[in-house]
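Q: Here is what each chain is made of, one letter per residue.
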Amino acid sequence: MLKRKEDIGLSPYELKFRGLHRSGDIRMTLFEIDFEKVNESTIRSVEELLPYKNSETLIWLNIDGLHDEKLMGELVGTLQIPADILSDVMEPGTRPQMEEFDNGLFVSIKMMELNEGKNRVSVDNLSLVVMDNLLVTFQEEKSDLFNPVRERIRKHSKRFRTLGADYLAFALLDVVIDNYIFILGGLGEKIENLENEMIMDPGRETLKIINLLKRELSNLGRYIRPAREMIIGLVKSESDFIAPVNEKHYKELQDNINQAVELLDYYRELLYDELNIYHSSMSTRLSDIMALLTIFSVIFIPLTFIVGVYGMNFDNIPELHWRYGYFIVWGVMLLIAIGMLWYFKKRKWF
Amino acid sequence: MLKRKEDIGLSPYELKFRGLHRSGDIRMTLFEIDFEKVNESTIRSVEELLPYKNSETLIWLNIDGLHDEKLMGELVGTLQIPADILSDVMEPGTRPQMEEFDNGLFVSIKMMELNEGKNRVSVDNLSLVVMDNLLVTFQEEKSDLFNPVRERIRKHSKRFRTLGADYLAFALLDVVIDNYIFILGGLGEKIENLENEMIMDPGRETLKIINLLKRELSNLGRYIRPAREMIIGLVKSESDFIAPVNEKHYKELQDNINQAVELLDYYRELLYDELNIYHSSMSTRLSDIMALLTIFSVIFIPLTFIVGVYGMNFDNIPELHWRYGYFIVWGVMLLIAIGMLWYFKKRKWF
Amino acid sequence: MLKRKEDIGLSPYELKFRGLHRSGDIRMTLFEIDFEKVNESTIRSVEELLPYKNSETLIWLNIDGLHDEKLMGELVGTLQIPADILSDVMEPGTRPQMEEFDNGLFVSIKMMELNEGKNRVSVDNLSLVVMDNLLVTFQEEKSDLFNPVRERIRKHSKRFRTLGADYLAFALLDVVIDNYIFILGGLGEKIENLENEMIMDPGRETLKIINLLKRELSNLGRYIRPAREMIIGLVKSESDFIAPVNEKHYKELQDNINQAVELLDYYRELLYDELNIYHSSMSTRLSDIMALLTIFSVIFIPLTFIVGVYGMNFDNIPELHWRYGYFIVWGVMLLIAIGMLWYFKKRKWF
Amino acid sequence: MLKRKEDIGLSPYELKFRGLHRSGDIRMTLFEIDFEKVNESTIRSVEELLPYKNSETLIWLNIDGLHDEKLMGELVGTLQIPADILSDVMEPGTRPQMEEFDNGLFVSIKMMELNEGKNRVSVDNLSLVVMDNLLVTFQEEKSDLFNPVRERIRKHSKRFRTLGADYLAFALLDVVIDNYIFILGGLGEKIENLENEMIMDPGRETLKIINLLKRELSNLGRYIRPAREMIIGLVKSESDFIAPVNEKHYKELQDNINQAVELLDYYRELLYDELNIYHSSMSTRLSDIMALLTIFSVIFIPLTFIVGVYGMNFDNIPELHWRYGYFIVWGVMLLIAIGMLWYFKKRKWF
Amino acid sequence: MLKRKEDIGLSPYELKFRGLHRSGDIRMTLFEIDFEKVNESTIRSVEELLPYKNSETLIWLNIDGLHDEKLMGELVGTLQIPADILSDVMEPGTRPQMEEFDNGLFVSIKMMELNEGKNRVSVDNLSLVVMDNLLVTFQEEKSDLFNPVRERIRKHSKRFRTLGADYLAFALLDVVIDNYIFILGGLGEKIENLENEMIMDPGRETLKIINLLKRELSNLGRYIRPAREMIIGLVKSESDFIAPVNEKHYKELQDNINQAVELLDYYRELLYDELNIYHSSMSTRLSDIMALLTIFSVIFIPLTFIVGVYGMNFDNIPELHWRYGYFIVWGVMLLIAIGMLWYFKKRKWF
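Protein chains in written order, with the UniProt record's numbering: chain A, 1 to 350; chain B, 1 to 350; chain C, 1 to 350; chain D, 1 to 350; chain E, 1 to 350.
Isolated chain A, as found in the complex (with noise of 0.2 Å):
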């Protein structure tokens, strides 16, 4: 899954898909960005891009889909994007990376989305190529998380107009990492109320919990680390296709990450103290278990005894035939019994 042997030694330059899901229809839509207005509409090929090639306008490319290779070697044609960026376009599994190239920047990262309904989350790579006045993203499925930006766009075209192409790029790196935290926040109350359920009464179950949300959390955790990697690295590149203007954004960014980050910490180790919680506590349930059975059976053994011995045969037992014998013996049998009770209750084992 992580790697498949046939694509062992593939050129850097080959576009070939390394990813899995080859099925659907890739989807262009185009947003045209202007000072006064917003042009949106559906391409089928690479050739509609023509016309917008060097216009003055701020032109978002969206690109739905990944598997066609053929369509991929005409973007190199046409934008002038280079194949082996292009090539890493196409491997679904890459880390998060940002490249500067000739004429333009290549920032990839991993995408992550609560379907509530299922209540899972998916992730997805989204690869975004910031050119002059164009912005060029890719994504394996069609997501609507970026609706909000959409709407920021037909709002506020100007600013976006003005702002350039990297400031689009990142409107749209602001909701990833936003949906990090919104992600994590999710996680993060189901740790909080667990301890508090803990307190109360940690069943059986919640062992399995914790577990389950110990996966969860490393499993964002190997999302989110090397994101932020890339976004530190992003802005120390101080690339020339990021305006001095929207450094601060960038700058915002990081912010954000490192706060993903510090939640991921925070969350790893109430789990790791709601874990000792659940293992102390069932070591005081052995402690408990074995306290009970402890100050039943020494109550108890003695007392057998002694009822065993008067159970003996032996023609010779004077005490046998003693007038209170057996009262005697219960006596006695008493005396050892609340003796023991003291000394348990001076040891505080009950």
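Treat the hints with caution; some may be incorrect.
Pairs count within a copy or across copies, as identical chains cannot be separated in the list.
Claimed, not checked - 30 Å max Cα-Cα, derived DSS-like pairs, lysine-lysine: (1) K70 <-> K37; (2) K158 <-> K236; (3) K53 <-> K142; (4) K5 <-> K158; (5) K248 <-> K155; (6) K248 <-> K236; (7) K248 <-> K53; (8) K53 <-> K346; (9) K346 <-> K190; (10) K5 <-> K37; (11) K70 <-> K251; (12) K5 <-> K142; (13) K190 <-> K142; (14) K346 <-> K70; (15) K155 <-> K16; (16) K142 <-> K158.
Derived by calculation from the structure, the hints in this document are not laboratory data.
A quick note: this is a predicted structure, and the numbers were derived from the prediction, not measured.
Let chain A serve as the given structure and place chains B, C, D and E on it in line with the hints.
A: Okay, now just chains B, C, D and E, sitting in the frame of chain A:
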């Protein structure tokens, strides 16, 4: 709570309150600090600020309450604080951060206050905007934390007027960080007392208290650690809005916040050690219980077997008819018991 | 094995083989790569190399077998590879390293290959000497790992001829690192499957498997972590022997090896979690066993005591002569048993 | 204790003593060091310092006691030590720090002294102000720690006069750090002895001792680690007040404090290992106890059942009337016991 | 042992021996290395060195024994080695360090030697002073470790004469570090063998051996880790006393010491895993013991109760007089036992 779904994808320029507490009036207090005298007043609208603009005095404007989006918009116009800075001010869940802008410096930090009556710590976000001869501070709730600084302004107005808005900002941040250490100190005292108590008698309550203190400590850490990062960034930035004469004060802030983080780590280590002591004492207790059970069982089990043997009803058991059979059996049993006790003594089981 | 006593204090210029496998012939294969065509041949002596020196084509010389000290000496003379470099080549236990010398660049890395039949990983040392239009590679054993690269050379000889020996070296290193990820992926699948299995039924075998996988993983880590260090050093060195056009490829190598290290850490964490789950399930099992023992003991111990009492042979035990004595005792015993069961139910012991 | 409520919000220029021990006189001793001779005297007021100002000799003024706020104010006037520096001097709870000011260098460090009689470590704050030909040192309590330096001054006044106030400061700091290592060494010896003791016989006291040593060690770490940070900062600062000829001495300080930190880490590891050994031996003990209990129980439980069977009072139990029934039962019971023992032997339970 | 009380506060220029072993003669051996020939001699006084000063040959002076303070003083005069350097040489407990001085470079490192007869590692301090055409080495005890280097000097005197004193120093350091790896390798083999042994049969001795190996490993780490720090500092210093032609050798030293540290970490991880395996196997053993005890107890406890019931002496127990009462009871008891066994089988307890 961390991030509401509807706040994902907001423009960084949008002045929208992202916190929870929308109630309460906005309260604006103004300090006009001159070499010789200090004027204190409460203002109701942003327009009242106009006469103070570009005055020769040092102005400190404190705003309690962040949810008035219209007021914030007027601040952009009147004081030329950029909209994206105020947008951050209106996000109380933000991470401690610093950002320089064209005509000022923006700093945000978490403020902690111990409500001694209720014995719990309240957390508020403090935002500071440092400009030429002007300091604007924002909090969600009114707080008495800065009263000592207000007192010092009244007494030493000349020093504040001379050293400027950056010195005033330092004085406030200094109070915030001193409070971190004060609160940590209180928590630390509880932790250290617990240790002494534990050596006496580690009861079952101890574990709950340890877990509670651990939780509280890691909660403080969530605010203090990022604050350190921010302070270090502030010192490293060598911002133009921090005069060289005040740099040493900011370095002292860094020393103080470092001390807070070291305390965090030291107390965490103490708690961890206490947890270990608790677990050791619990497992020693279990081990003691088992030893007692074993001593009793191992002594009485063979004795009970012996008395069982002579309780059997076989027609032909010669020993039963011996004259001193009963007493011989008692002798054998005593020998066995003494032998066992000697063995346990030798193995140091009691 | 790591260091033989007789190899301590060897001169760094001494061409002495320091490995174990001295057997087998040395095999030298040669690729002569030109824009239009590729010549492949096997040579037997170093002298056959002379015509290729200073030719305009790109030469790849691959040498399988490192123990021919005479041959190595001739390489010093013929190809001007410094003796101290070749001395490192002849030490198969060396750490991944890179070193620039006057007329070239020396790189060594561990190569891992999964022998699918035997289901085990074989490790070999790969040394690369990158010079102008010449790449010399050394391995101890012949391997099929580079066949895809050979195929690519045959198909795209022009690209290789244009991008030079450093691109060819990158292609080989890329295959090595892709293999790391491939092998890690296989191991990771086993680890993830184990987790699912464990939730069902953590048998006794599980612990052995976890320990085995842990060992395997930490063994991979021994080779992958230093390789990362080496690759990072290579990228940072900005060596003259890596053309600017190929630098981005080396950066991609760095991304790939970083991904490998992240996988290592992720799987290690998974294994650690699995170990915890195993131990928890074991201690739950112990706790369950003890609870059952205790329930049985605590119920029957007093009952057995009671029946013992009425098995005593005292002359005067009034209850024995009651008409319904036997049935009353049964009643009392049932009450005790039910009371106990109710108590255990309340404490949730079963 | 760490921070008093009334000290929050103090001005960094306010000369207020923030420690606890206000009692005792202030004691000022003066060394006037010239090439040929050394004058030692005790002074009572700051005015007595005036004749020494700007003298050609090297002056070392040592002040024991920090609570005289008036005196401190006079030092500001007489020696031009800035008020904010002296304000730090008057805070004995401060972190080790260094700060350059216009005409000098301020260094503060924790001084530890082993009171051999009481076998406990006392901690005091040492502040050093290094100026041209003048060193002022502040301590809360008088200490004998620096007597060897005083001796060296008397013997080698020329070297001190030549190398200046920074060399004198180094000599004092060197003593402080040598004392760290000396105290650590004493603690370390206890830790190492404990290990040997444990292998013999890990008694119940051991755990208490380990926890005590751990506490002591982490207490030392609280002072030593920040001191290292300060020393490293001092070396890196390349302050003008440290002459190039003395830089190597400060580098040696850094080596020494690094050694102290390494010792801390090494002893901490030893203690951690000892704790593990203790727990292992405890759990082995529990396991041994349980094994014995089980062996006894498992052997006697079936035997006791058998003798119970033949203690039943059924009218019709044929075996009871066999001639050798009793002896046959003994034989069966012996066989069972031997079988059990053989099984346990095979499983290596004893 | 680490620091004697009387050594605190010593001047860094004082030539006082701070070690323990004062006995034995000082032994000075001299190698005079020229292009064509090597002269070896033993000298008795420092004056014999004078003819070699400023000679054109390369001189290696090796001094075994550090306690002759007079001799050290003469070295200051004759060879211009600064007193503070020699003061460090006379402190055998010093940390590995390097220091450049006016006319040379001082390096000190711990030398480890495996005494194969006694199977223990002896540690000595090696100090090297590298000057123009002169290398002075100091050890406390005579050692055979450098014999291979002596051999190489005799064979390749030209190379040593050409590459100079820094190459000779490298050759010695290389031997020291190769010995680290050799000793680690031996320890590592023991650790790896232990692992195989453990899978077979983790006896009680295993824990002691693991703790012993752990102690040994962390002891090696105490010397190897600071040595790495020193070597890295040496490579970074770009000292004038290391000729550019020899820099690559020093980089190789760094690679070797890094390999040693990686081995340390790898073996430490192995030992940690082994400790876990041991504890797991111990807790599995305890769990097995408990399971057996429980199975036996739970089966026989109710049976023993039943036979007790019919051992009671009530006048009126109807079942006792049934014809097949005894056999019915046996039947019931068999059913109970089989039911229990089936239940345990189902829960996989045996």
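Q: Now tell me, hint by hint, if it's right for this structure.
A: A quick look at each hint next to the structure:
1. K70 <-> K37: between (33 Å within a copy, 27 Å between copies)
2. K158 <-> K236: within (28 Å within a copy, 36 Å between copies)
3. K53 <-> K142: Intra 25 Å, inter 52 Å, cutoff 30 Å: intra-copy only.
4. K5 <-> K158: Cα proximity of K5 and K158: across copies only (26 Å, versus 49 Å in one copy).
5. K248 <-> K155: Classified as within; 22 Å inside a copy, 39 Å across copies.
6. K248 <-> K236: both (12 Å within a copy, 17 Å between copies)
7. K248 <-> K53: This pair counts as both: shortest intra-copy Cα distance 29 Å, inter-copy 27 Å.
8. K53 <-> K346: For K53 and K346, the Cα distance exceeds 30 Å both inside one copy (89 Å) and across copies (73 Å).
9. K346 <-> K190: between (42 Å within a copy, 28 Å between copies)
10. K5 <-> K37: between (49 Å within a copy, 28 Å between copies)
11. K70 <-> K251: between (37 Å within a copy, 27 Å between copies)
12. K5 <-> K142: Classified as both; 29 Å inside a copy, 20 Å across copies.
13. K190 <-> K142: Answer is within: at 29 Å inside a copy they meet the 30 Å cutoff, but 32 Å across does not.
14. K346 <-> K70: Neither, since 85 Å and 60 Å both go past 30 Å.
15. K155 <-> K16: between (39 Å within a copy, 16 Å between copies)
16. K142 <-> K158: within (26 Å within a copy, 39 Å between copies)
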